[in-house]
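Protein chains in written order, with the numbering used here: chain A, 226 to 468; chain B, 226 to 468.
Don't read these hints as lab results, they were simulated from the structure. Do not rely on the hints blindly, as some may be mistaken.
Same chains, same label: a pair holds when it works inside one copy or across any pair of copies.
[To be verified] Taking lysine to aspartate or glutamate pairs in the EDC-like style, the calculated list, with each CA pair at most 16 Å apart, reads:
1. 434 to 447
2. 351 to 433
3. 434 to 415
4. 399 to 450
5. 434 to 450
6. 319 to 387
7. 399 to 447
8. 291 to 344
9. 434 to 407
10. 434 to 352
11. 351 to 428
12. 345 to 299
There are 2 protein chains.
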Amino acid sequence: MQAEVDQLCVVLVAPRNPLNIGAAARAMSNFGFLHLRVVNPYEVAFREARSAVGASQLLANAVEYKSLADAVADCTLVVGTTAVRHRELQHPLKRLEYAARVIRKQLGSGRVALLFGTEKFGLATKDLSHCHWLMRIPTREEHISMNLGQAVAVCLYELSRDSRAQRPKPEKVKRASAGEVERINGVLLEALRASGYVNPRAESLTEDKVRRLLRRLNLQTEDAELWLGMLRQMLWKIRGGGK
Amino acid sequence: MQAEVDQLCVVLVAPRNPLNIGAAARAMSNFGFLHLRVVNPYEVAFREARSAVGASQLLANAVEYKSLADAVADCTLVVGTTAVRHRELQHPLKRLEYAARVIRKQLGSGRVALLFGTEKFGLATKDLSHCHWLMRIPTREEHISMNLGQAVAVCLYELSRDSRAQRPKPEKVKRASAGEVERINGVLLEALRASGYVNPRAESLTEDKVRRLLRRLNLQTEDAELWLGMLRQMLWKIRGGGK
Numbered sequence: 226m227q228a229e230v231d232q233l234c235v236v237l238v239a240p241r242n243p244l245n246i247g248a249a250a251r252a253m254s255n256f257g258f259l260h261l262r263v264v265n266p267y268e269v270a271f272r273e274a275r276s277a278v279g280a281s282q283l284l285a286n287a288v289e290y291k292s293l294a295d296a297v298a299d300c301t302l303v304v305g306t307t308a309v310r311h312r313e314l315q316h317p318l319k320r321l322e323y324a325a326r327v328i329r330k331q332l333g334s335g336r337v338a339l340l341f342g343t344e345k346f347g348l349a350t351k352d353l354s355h356c357h358w359l360m361r362i363p364t365r366e367e368h369i370s371m372n373l374g375q376a377v378a379v380c381l382y383e384l385s386r387d388s389r390a391q392r393p394k395p396e397k398v399k400r401a402s403a404g405e406v407e408r409i410n411g412v413l414l415e416a417l418r419a420s421g422y423v424n425p426r427a428e429s430l431t432e433d434k435v436r437r438l439l440r441r442l443n444l445q446t447e448d449a450e451l452w453l454g455m456l457r458q459m460l461w462k463i464r465g466g467g468k
Numbered sequence: 226m227q228a229e230v231d232q233l234c235v236v237l238v239a240p241r242n243p244l245n246i247g248a249a250a251r252a253m254s255n256f257g258f259l260h261l262r263v264v265n266p267y268e269v270a271f272r273e274a275r276s277a278v279g280a281s282q283l284l285a286n287a288v289e290y291k292s293l294a295d296a297v298a299d300c301t302l303v304v305g306t307t308a309v310r311h312r313e314l315q316h317p318l319k320r321l322e323y324a325a326r327v328i329r330k331q332l333g334s335g336r337v338a339l340l341f342g343t344e345k346f347g348l349a350t351k352d353l354s355h356c357h358w359l360m361r362i363p364t365r366e367e368h369i370s371m372n373l374g375q376a377v378a379v380c381l382y383e384l385s386r387d388s389r390a391q392r393p394k395p396e397k398v399k400r401a402s403a404g405e406v407e408r409i410n411g412v413l414l415e416a417l418r419a420s421g422y423v424n425p426r427a428e429s430l431t432e433d434k435v436r437r438l439l440r441r442l443n444l445q446t447e448d449a450e451l452w453l454g455m456l457r458q459m460l461w462k463i464r465g466g467g468k
């Protein structure tokens, strides 16, 4: 179990409130998940949280990133949390109880990132495009949005609770990391741009769409290399190579 | 279920911090438990919590009691929460996962009080004497004490979670048919040939390799269309389209 717990990273994206950052860290410590990553935090808040009385070692060890892509680059599964049910979600959405089972399984074979968005707006569409799928806490319809620290606590509790069910066997295939997938994403987008597939006025939309598409593939590590090789060759030709 | 949810009272004993009172109320609202009772709160804190921006109807409806005995008088089961494992507990102590089952059962027939103590010291020995038994959240040994609002959130989540979530639900996405994948295969191979990726002497080997690669992707039907579109555009360009 300890090894699996060590494979999970909690990623706070653009948190604004030092109390919430502290609360998230405390819940992590309670449930034994010690790896916190913070993307582009409101600097004052992050500093305050770190220097608060009783701030934990965990908070001192938290790693800060400039971009979400960097923060999840070494993870093989990236899961976003959302309160939303009815937005045109472009991703599969799982209830926490079911999601936790999938995550636990994955923790046996690779690093998993669990993303939490800003207190007010949650994860932005751009952030979501880095996710393989989303999960939601089963709150009631009339009041779906949870406090950040409480949401972290509930998710980590579900991940560490005694399910008493038979443990699923760890997956044997090695999944590609987010960084590997992102490299494919880069080459594919270049090829699409050079081919005239991308409408410049909808470039950002297309980028998000393609990124989600790649995430859904659940690529294996060894296949990632192959895809990269094929796409690079096509890109080279598209640009007029060999003439 | 609604009737059962209505049978649970969350009882905060002598809370000191308005933020914690507010957080407890918010978690209750998230999970649909609307009956809050407060015993002997620090008055300033309780007033502040109630008048906070965004304070809920639930908080406005909270009932204040002078003594714990009064607060639980109409309840048929009184459960105390504690972080402590090794105090000379005079009570049976159940882990949350198992305690929740007993509580859910009881909610069918009578009112249940769930007690939370002060932020610093938890429930006093005197408070514990009102309890039928105690429950604890399974935090790790090195850091057992949870934030009040987070503890309330985790307990209510466990009470309202879907206990039938033992088996993952069948997947809803529609997988691409072999025919759809084969069409992608065709276009991809043409693009690879036209790019010079395929060594003519190993053509059949490469074909097999690419086909297996595509099969491993677990493509969804709607994604198959997208891939086909992108690859066709690239192939068109590779063949000198648009010149």
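Hint by hint, here is what the structure shows:
1. 434 to 447: between (24 Å within a copy, 12 Å between copies)
2. 351 to 433: within (7 Å within a copy, 36 Å between copies)
3. 434 to 415: within (14 Å within a copy, 24 Å between copies)
4. 399 to 450: Classified as within: same-chain Cα gap 13 Å, cross-chain 27 Å, threshold 16 Å.
5. 434 to 450: So residue 434 and residue 450 pass the 16 Å test across copies only (13 Å; inside, 22 Å).
6. 319 to 387: This pair counts as between: shortest inter-copy Cα distance 13 Å, intra-copy 20 Å.
7. 399 to 447: Within. Shortest intra-copy distance 8 Å satisfies the 16 Å Cα cut-off; inter-copy 25 Å does not.
8. 291 to 344: For residue 291 and residue 344, the Cα distance exceeds 16 Å both inside one copy (19 Å) and across copies (36 Å).
9. 434 to 407: Within one copy only: 13 Å inside, 23 Å across.
10. 434 to 352: Only inside one copy: residue 434 and residue 352 sit 12 Å apart there, 34 Å across copies, limit 16 Å.
11. 351 to 428: Within. Shortest intra-copy distance 13 Å satisfies the 16 Å Cα cut-off; inter-copy 40 Å does not.
12. 345 to 299: neither (28 Å within a copy, 39 Å between copies)
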